[in-house]
Amino acid sequence: MRRDAVLNVRKRRAIAAATMASPLSSGDDGIFERLQQRQDPKVAEEQQNALNERTQAILQKAQSHLSFLIDQNSTLPCTVSSVQVVSAPNTRRGFLNHIVSPLLQAKDRPQTLSDILREVSATADTLGKFDLFQQPISVHLDASNSNGLDDLRNVDVIFAAREKSRVLLKTGTDLGNAEGSAYGNLLWRNVFGGAETLNVNASMGTRTRSAYQAAFETPLFYDPNFRFELGGIASATQKSWASHEEVLKGGWGKLRWLSQSGHHHELSYSGAWRQITGLGENASPSVRADAGDSVKSSVSHSWVNDKRDNPMLPARGYYAKAFNELAGWGPLKGDVSFWKSEIETQGAVPIPIPGIKGDSGISLTTGFRAGILYPLGVDSKPQPQLSRINDRFLLGGPTDVRGFRLCGLGPREGSDALGGDVYAAGSANLLLPLPRLGAEKPVRLQAFVNGGRLLPLQTSQNKPPATSGEVQDAMISTLSELQNGLPSVAAGLGLVYAHPVARFELNFSLPIAIRKGEEGRKGLQLGIGINFL
Numbered sequence: 001m002r003r004d005a006v007l008n009v010r011k012r013r014a015i016a017a018a019t020m021a022s023p024l025s026s027g028d029d030g031i032f033e034r035l036q037q038r039q040d041p042k043v044a045e046e047q048q049n050a051l052n053e054r055t056q057a058i059l060q061k062a063q064s065h066l067s068f069l070i071d072q073n074s075t076l077p078c079t080v081s082s083v084q085v086v087s088a089p090n091t092r093r094g095f096l097n098h099i100v101s102p103l104l105q106a107k108d109r110p111q112t113l114s115d116i117l118r119e120v121s122a123t124a125d126t127l128g129k130f131d132l133f134q135q136p137i138s139v140h141l142d143a144s145n146s147n148g149l150d151d152l153r154n155v156d157v158i159f160a161a162r163e164k165s166r167v168l169l170k171t172g173t174d175l176g177n178a179e180g181s182a183y184g185n186l187l188w189r190n191v192f193g194g195a196e197t198l199n200v201n202a203s204m205g206t207r208t209r210s211a212y213q214a215a216f217e218t219p220l221f222y223d224p225n226f227r228f229e230l231g232g233i234a235s236a237t238q239k240s241w242a243s244h245e246e247v248l249k250g251g252w253g254k255l256r257w258l259s260q261s262g263h264h265h266e267l268s269y270s271g272a273w274r275q276i277t278g279l280g281e282n283a284s285p286s287v288r289a290d291a292g293d294s295v296k297s298s299v300s301h302s303w304v305n306d307k308r309d310n311p312m313l314p315a316r317g318y319y320a321k322a323f324n325e326l327a328g329w330g331p332l333k334g335d336v337s338f339w340k341s342e343i344e345t346q347g348a349v350p351i352p353i354p355g356i357k358g359d360s361g362i363s364l365t366t367g368f369r370a371g372i373l374y375p376l377g378v379d380s381k382p383q384p385q386l387s388r389i390n391d392r393f394l395l396g397g398p399t400d401v402r403g404f405r406l407c408g409l410g411p412r413e414g415s416d417a418l419g420g421d422v423y424a425a426g427s428a429n430l431l432l433p434l435p436r437l438g439a440e441k442p443v444r445l446q447a448f449v450n451g452g453r454l455l456p457l458q459t460s461q462n463k464p465p466a467t468s469g470e471v472q473d474a475m476i477s478t479l480s481e482l483q484n485g486l487p488s489v490a491a492g493l494g495l496v497y498a499h500p501v502a503r504f505e506l507n508f509s510l511p512i513a514i515r516k517g518e519e520g521r522k523g524l525q526l527g528i529g530i531n532f533l
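Heads up: the sequence shown begins at 1 in the UniProt record's numbering, then just goes up one per residue.
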């Protein structure tokens, strides 16, 4: 028995020694070959997916555990002992104190952990709306030991916010609708430490020969949804569709706010000195009649309610906008006097496809725009006159009524588009995802039909109205003419790409109905903009 045990021990040692020596002696080449072999992409993808699923499972488990702890302690009485905002060296302390003070003022009333978490989240959202800090803003809650208690009855709140760059200088080139330009932009954030912004822009281009603009914006009452802006502009723009150049110098003051129902409002006053100059050799008599100086002083209000899921490529929701401007009436000075009003609506509905779960990516979008320019103060003027070419509406082009040249709709004289005082335009667009890209990509195939009409003020014998009564009769006649006959209509197909900054459209358009004197455009048409019909 003892001899057999000794032999077994020796045998096991010999086998172990051979096993230890075998990888280096016989399998040496196999190891290096395996290391030099490239990993199968499918295997690597499966391993990465498995790792992602495991990581996601761990995060979900941690989140579930945290939610469970919060739910279990949601009714626990709590008090905020202190609030800190770190990594904000350029922001005034007094400005931050006004924003976070509601958290500290809550000491006077009983609170639970759930109440504090809700108020902390609202304060973090408010800080983010000032556009001062990089997103997201981290929030840390810690138990306070100020009263010798080591529990959650006293909580310290810490907002870890990293400020964005205060100065941003950007230069580049733009290629838009029949225009190319080079620009330089200076953005200065947090000028005085209270979320103020100074934006200076200079550009030169083929149509806008030069434009210099500066705007200073600041929040009022420490509210990111209530802002005031003061700005000025000096520009010279070539109006290729009307054989002249417009030089503009002026300034404005704007008050913007967001209502509790989510509606955007803007109340503005603007004063501008306009010059119609640089007339072309073939400028029409109507353009020459409006040449020279003009001063406009006006107040305006705009209202916007945007409920679309994506402003650049909506699949569902609606959009509504109303704009009203009053110039040269009452205490407002200037040599033009009118009331100008515009409305714009858009609606989008998804189209479900049987057998496809979720969003198919197919949607129908409809849009409508209309406007009216009503002359005022005719009785008080020694020489009655119609509206000026500076203030009239223009219609036609790749961003509104596709299938027509830029400003190709409405009254014309020679080669010049004169604009109009009343217009209406509508569009219907069917958007479909490309087969290989799917509904997730911001690219769509578009089929559209759109149309519109642009009319001048209809006066008897083409004479300017001499009294306010004649203006009223002329406006009624114009609105009646708007419904007389078919509008100018075009249809087509195209591609749509929704970039976060702008929307790009490349369409093949075919005019179907064109009124006498208007200019259609058959073939490819490129549109770049933010707001499309």
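By construction, these hints were calculated from the structure, which means they are not laboratory data.
Just to be clear, a hint being listed does not mean it is correct.
Stated by the list, open to error - Simulated pairs of lysine-lysine, BS3-like, Cα-Cα distance not exceeding 25 Å:
| id | residue 1 | residue 2 |
| --- | --- | --- |
| 1 | Lys249 | Lys333 |
| 2 | Lys463 | Lys516 |
| 3 | Lys333 | Lys254 |
| 4 | Lys340 | Lys321 |
| 5 | Lys249 | Lys307 |
| 6 | Lys357 | Lys333 |
| 7 | Lys254 | Lys357 |
Stated by the list, open to error - Ranges between beta-carbon positions, derived for each pair:
| id | residue 1 | residue 2 | range |
| --- | --- | --- | --- |
| 8 | Ser261 | Ile512 | 39 to 45 Å |
| 9 | Asn324 | Pro110 | 32 to 38 Å |
| 10 | Thr277 | Thr173 | 25 to 31 Å |
| 11 | Ala160 | Asn201 | 29 to 35 Å |
| 12 | Thr112 | Gly232 | 47 to 53 Å |
| 13 | Leu432 | Gln60 | 44 to 50 Å |
| 14 | Tyr497 | Ser268 | 30 to 36 Å |
| 15 | Pro136 | Pro110 | 29 to 35 Å |
| 16 | Gly232 | Asp125 | 28 to 34 Å |
| 17 | Gly438 | Ser210 | 40 to 46 Å |
Glycine residues also receive a C-beta, built at the ideal position from the N, C-alpha and C atoms.
Inset, instruction - Check each numbered hint from earlier against the structure, then list the numbers of those it violates in ascending order. - result: When the structure is compared with the hints, numbers 5, 6, 7, 9, 13 turn out to be violated.
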